[in-house]
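Visitor: Here are the chains, one letter per residue:
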Amino acid sequence: MRRLFCINLFALFLLGVCSSAQAMNVLPYVISSQDFYRAWPDQRPLSEQLSAVVNSPADPINMMQISPVRVAFLLSGTTSSIRNKSLLLSFKRRMQELGIAYQITIYDNLQNLQATSPFSLIKKEKPNYLVATDLDVMQSHVVERVLQQGKTKVIFFNLSTPLKNWKYQPPFMYVGFDQLKAVQTLASYLDRQLPKKTKLAALVLSSGYMNDLRCNGFLDAMASRNRHIGDVQTVADNAEAAYVAAQRILRKTPDAFIFSCTQSISNGVVRAIKAYHNTHAHQMKGMAESKTEEDGLSSAQTNSWGLSVNEVDHLINGPVMVSSLFMWDDLAIAVAEGIKGDMEGKAEPMLYVGRTTIMSPEQDSTSLHLMIQQAYRYSAVIW
Amino acid sequence: MVNATMSLERRAFYRILALFLFAFAVASAASFIAFDAREKNELQSSLVLKKQIVEETFEAYLNRAEHEMNFISQDLLLGHYAPSKALDMLFGHHDLLFFGGLDFFYIDWANRPPAIDPRARLYTKDDIAPLLRQGKINRWVKVTSKDGAIFLLYKKKLVGKEGINVGYLYGFVSLNENLTLASKLLDAAKVDMVQIKDASTGAILLKEKRNSLESSSNSVQFTSAFSSSVYDSHFELEVVSKSVISSGSLYHWGQFVFWLFMGLGILFVLLVMLIRRLVFSPLAFVVGRTSEEFLPFSELQPLQVQGDQYRQFLQAKERRFQLLLDSTNNAVMFCNEVACVDAMNKEAMRLFPNNHHARSVFDFTPISVHQAIQDALKGEVGVSFELTLSHLNVIYHWCAYSFTNENGFRSLLLVGRDITNEKRLSWQLEQLKPSSLQLHRHIDIDVLLKELSLLPRWPDNISSQYFRGWLAILLALLDDLKSEETQTEDLPIGELLARECEWLTSRLGVAPYDVQVDCPVDVGSMIVTCDINLRNLLRVLLMLVVSSDVSQRQLTLRSGIDLEMTIISGAELRPFWHWMINALLQPLTGRQRQLRNNAFKVELPLTIKGIEPGNEKESFTVAWVWNDYLEAERIKDSLERLGGQVESYSSTDAFFMQASAVSQFDVVIMGSDHDVQAPRHMIKALKGQQDREELPIIWLSTQHNEHFDYGVLGLSGCVSDYRLQKVIAKARQYEGIVPMRLSGRKRAWIVVGGSRVAKAIWYTELERLSISSQWLSGLEEFEAIFPYHSDAVVVLLEPQPKDLLMSVVQRFPSIRFYAVQNWPEMMDNVQRYEMYLPYTGEQICALRDYVQSTTDLGAENE
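As they're listed, the protein sequences go chains P and U.
Counted the way numbering that gives the first Met the number 0 counts, the first sequence spans residues 0 to 382.
Counted the way numbering that gives the first Met the number 0 counts, the second sequence spans residues 0 to 861.
For the record, the hints were derived by calculation from the structure and aren't laboratory data.
A few of these clues could be false.
[Unchecked claim] Result set (SDA-like, lysine to any residue): computed pairs, CA atoms no more than 20 Å apart in a straight line:
1) Lys160(U) with Asp230(P)
2) Lys163(P) with Ser232(U)
3) Lys160(U) with Ile228(P)
4) Lys141(U) with Tyr28(P)
5) Lys163(P) with Ala109(U)
6) Lys180(P) with Ser232(U)
7) Lys196(P) with Ala109(U)
8) Lys183(U) with Leu48(U)
9) Lys196(U) with Arg37(P)
10) Lys141(U) with Leu205(U)
11) Lys198(P) with Ala109(U)
12) Lys163(P) with Leu205(U)
13) Lys160(U) with Arg37(P)
14) Lys160(U) with Glu239(P)
[What the hints assert, rightly or not] Partial list, derived from the structure: chain P residues whose beta carbon lies under 8 Å from chain U:
15) Asn24
16) Asn215
17) Asp219
[Said to hold, decoys possible] Covered stretches of chain U, as calculated for chain P (at least 3 residues, CB under 8 Å):
18) 124-137
19) 152-166
Yeah, the Cβ is synthetic: ideal placement off N, Cα and C, and Gly gets one too.
The task is simple: from the sequences and hints, build the whole structure.
Guide: Right under this line is the structure:
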């Protein structure tokens, strides 16, 4: 019961239900990947081994299946969302390449399931594996009961920080990206690239997992580099709120670098910068001509998270200065490979951390496209 | 040599007991260690839990600090304080905001100067700003200032209206100087020491211990990784708790020890019983068994076999011994320590047929032999006795031998030899042999020759008369030994002794005083039957006294049960005299004994025929004028023993010159050796003065004298108390001599001072004038002389001290002083009669006349 309470509490944090701007920190409840490998050093070789498998072409399974493996997906939102479609597509492709007969059951829009609880359905279906994509209230409730039952192996998707309270009855696998490391890489790049006099601003979330890891991580990383971010504003995780906030910042400092904590915020900031440039083109031109490199940016810029449709265009033509690219399909591949390894009786790591990289304007378009293609090797068609 | 015995059983049990006690001690110690170890293990296990408590307390402390930061940040955001008043306002309601979690804080405003909590200076002097860069939003981070202050830093966004960040609030919690945190950790976990260390650098971040924890005390330590919410922290937690054995553990240990003791005790008792039954009981059976039964124990069978062999050996010896006993003709009896008969041979059984009914040997033997048997039982050696068994008409000579039996007690062996025929034959022989052929009377030629061989060694000053007398006496003694003279006479011992003494001294030619005899009156008065043996015995004893070289040589006679005659001689009695005395004692049934210091005693059982009368002891006054008698002191002692009040005078003149305080002399004894004139004159003077012929005067002389010619009693030869008493008794038959009748004498003259020549002249002249005189060198001795001459004439030949003269005059007013020369300060009572040297008889005679005239004149005036 105590464990259920913690999970629910954690779910509330992830949703950002807290009304106050001073939300509770979730980081004490999770274990960073470094701490995880420090506590379980035998997991690191397994993770590295899985990473090699993920990066390698699929090796079909060498066992006879009596029946198709049943995999259930708990999706956040609808199945038609790009993220969910990308996950499913990548997973299916990999499973096919692995020659694994599978049967997928998808549970989405869980908030709208009123008649039957997802757990009952799952219990009825008895899937071999359950992939949870989000630790909201609904999903956490289902996952808790499934874990207690112990018959279905649970895979947390897009979560690279194992829960401390689950360390004695952990799920089968965590697959995700090290957000803190990604944002520290981003901060390091920006510290090198941005002139010292560059005015910095940041649009961050108010609370939640992403806020604690990515947004606050960026703020701390820049502060440790003695980069003062003069204007920090919390916004909702949508483009519209970011657009409004960015406009305010641009009115004050039209040449600031605005950090966007999420892709949605980045989309709003990009739109705002473009709009500002359009309306203040003359001013922007004069500013660009009067400034030297040491004086800071000539115009406002922001960052992206590799999920924009016009990612490459924004990078090359602005106003995106840098983009953190996550190898999204690697996560789905890791899930498939994990299932395969488990079916073959091999030891599989409990944590798989996907790769992230930086895309910058220094790279040409072709390279950028290649990088994006690599990140979405199976689901690029969706994008 | 007595060997100490020990009990094998007891020794074994003591060893086993010691082993059990050792095992108990070891087990108790081991159990105590085990309890202590268990206590420590439990403590160690509890420390694991306490480690978690420490972690939770630590997290709770940090949470409280976070809450404090929340309140401070809310107050900052909602208070809208003026920029410079923010801190003041915060501290204004510190009781609401400050919980004591944060040590200090720092407000980094986005558009204002920062505000720093003044409490920061209490912890570090270093600039805070560089530390802020290490802060992480909503995370605790460990930072260290340049001056070594270690903090946990918490960074919090200050989000204002419309979500705009207005700054950051930094909260600091000290680690290395946070007593509150350290105490909370100690109290929460209830440990004695807590230490948080950076595992990567080894630096001690926080350490606190209780005073009660000593470095050397018994403690349990637990170290493990310390998980906390501090970002990227690799902490190590060490908790130490003092290990003290709780009262509960002690109680359980005590219970264990008690039950252990009970268990071991029961085991010991069972073991002892088992050993006793299985080992020592068979051993006891082996030792005490009487039958041929063998025990089925292989270890004891050799012992049993050996015991049987010994038993058979002893039985064979017993049989041989019994055969030996029965084969001898002697009667043999063995008795134990209480005189019970252990064994008798057939001969003894024949002699004592009723021994079966007797309890001890005393029951069937006559009473006359009981003492001898008892002496033998006490250990006397050489006990023997003769026993006449009238019912068998036999005489047996029994010898008793004591020995130690197998039990360590003295037992008795009686061996009886039939001497009936021997006795009969000896009786017959005795009847046939004359008494003169008594073997003991035969002269031992060897001892005689040995004695005669000593003659050439006599000193040269021995007179021929002594030599001849000695030989004559020796031959007479030997002759008398074979004599069959049976003549006896009844005489007092003292009389007999005196006669033999005179006989001996006359034969040997020695002075009577060479034979000193101590014969008290009571002994000398005893009338005994004197035969030749007694007489010769006395002669032999007196000879031994004479021939002795010691100064105290004398023959001492005493009477008790027997007459005891003791001689102290200078050497041990020579064999001849020993034989001679034995030969003389044999018919007298006496015995001799050698005493210490070369003295020997002869004891004679004499039959006292009576006591000579007239020798009763009475007190009397005697004047002893010893003149040249050699043994004056001995005579004086003897007179005192006889009850006399003795007045001693060195000469007759002294007797007459010295006035005596005694009113009457019962006896006057004169002594003389060679000087016979003085006694004669004294006799004449006394007869003249007393005007009678019969006076109680005794002339004691060492020489045989003609005292009878002078009408006085005489005593010569060996003087003993007895002889002296006899003569004194005779003298006292006469009327005593009164010194007062001597008052008709002339005044004595005392001459004082002068040379020897003057003394001789005066003495001669005064002698010629029939004036008794005395010479004094000075008046210092007047007290010794003048009491006897209280009216003397004192002639002063030299000046005398005045004070002396005064003293004499005061004491003796009748004394007249005449000085023959003048000196200054001469007293008035000294009459001066001048005389010139050399003094002549005419001058002395003239002085005499002058003195006489002045004396008569004085008498007329009176």
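Visitor: Run every hint past the structure and note whether it holds.
Guide: Each hint, compared with the structure:
1. Lys160(U) with Asp230(P): holds (13 Å)
2. Lys163(P) with Ser232(U): holds (16 Å)
3. Lys160(U) with Ile228(P): holds (18 Å)
4. Lys141(U) with Tyr28(P): holds (19 Å)
5. Lys163(P) with Ala109(U): At roughly 35 Å apart (the allowed maximum being 20 Å), alanine 109(U) and lysine 163(P) break the hint.
6. Lys180(P) with Ser232(U): holds (17 Å)
7. Lys196(P) with Ala109(U): At roughly 16 Å apart (the allowed maximum being 20 Å), alanine 109(U) and lysine 196(P) satisfy the hint.
8. Lys183(U) with Leu48(U): Holds, at about 16 Å.
9. Lys196(U) with Arg37(P): The hint holds at about 18 Å.
10. Lys141(U) with Leu205(U): holds (12 Å)
11. Lys198(P) with Ala109(U): Holds - the C-alpha atoms of alanine 109(U) and lysine 198(P) are around 13 Å apart, at most 20 Å.
12. Lys163(P) with Leu205(U): Violated: lysine 163(P) and leucine 205(U) sit about 26 Å apart, past 20 Å.
13. Lys160(U) with Arg37(P): violated (42 Å)
14. Lys160(U) with Glu239(P): holds (19 Å)
15. Asn24: Because about 4 Å separates asparagine 24(P) from the closest Cβ in chain U, which is inside the 8 Å limit, the hint holds.
16. Asn215: Holds, about 4 Å.
17. Asp219: Hint holds; aspartate 219(P) Cβ to chain U Cβ min 5 Å, cut 8 Å.
18. 124-137: holds (count 7)
19. 152-166: holds (count 8)
Checked against the numbered hints listed earlier, the structure breaks hints 5, 12, 13; every other hint is satisfied.
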